Amino acid sequence: MALVGDGIRRTARYAGVPQKYNATVSRAWVELVGHHADRSDTADFDAFTDEHPALLDKKLLTRFYRPSTLASTPARTGWVEPDLAPFPRHTDS
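Position 5, counted from 1, in the sequence shown is what my numbering calls 5; the numbers after and before it change by one each time, with no gaps.
All the pointers check out, no bait thrown in.
Simulated crosslink set (DMTMM-like; lysine to aspartate or glutamate; CA at most 20 Å straight-line):
| id | residue 1 | residue 2 |
| --- | --- | --- |
| 1 | K20 | D57 |
| 2 | K58 | D83 |
| 3 | K58 | E31 |
| 4 | K59 | D83 |
| 5 | K59 | E81 |
Derived from the structure by calculation, the hints contain no laboratory data. Only a predicted model underlies this, so the values are computations on that prediction, with no experimental measurement involved.
Could you build all of it, start to finish, from the sequences and the hints given here?
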């Protein structure tokens, strides 16, 4: 997560919009992609996205968060748990 977050922060700064970085949005995407990647047998990105097309939906996080939650200062600066539905999580069984 640190690597991804740092990359997104740098990109936002380079684009002149550092305020657009949102820590919760970044971590949420990493968690969702990671959840599906753990269950995927493919190392090919195109095949992976064919298996999980919802991950390409820029509105995916609205299934889990209210817009006002994602726009909040706590979400922009740190992690906020989903407030509409929980993320799928890997559980050891």
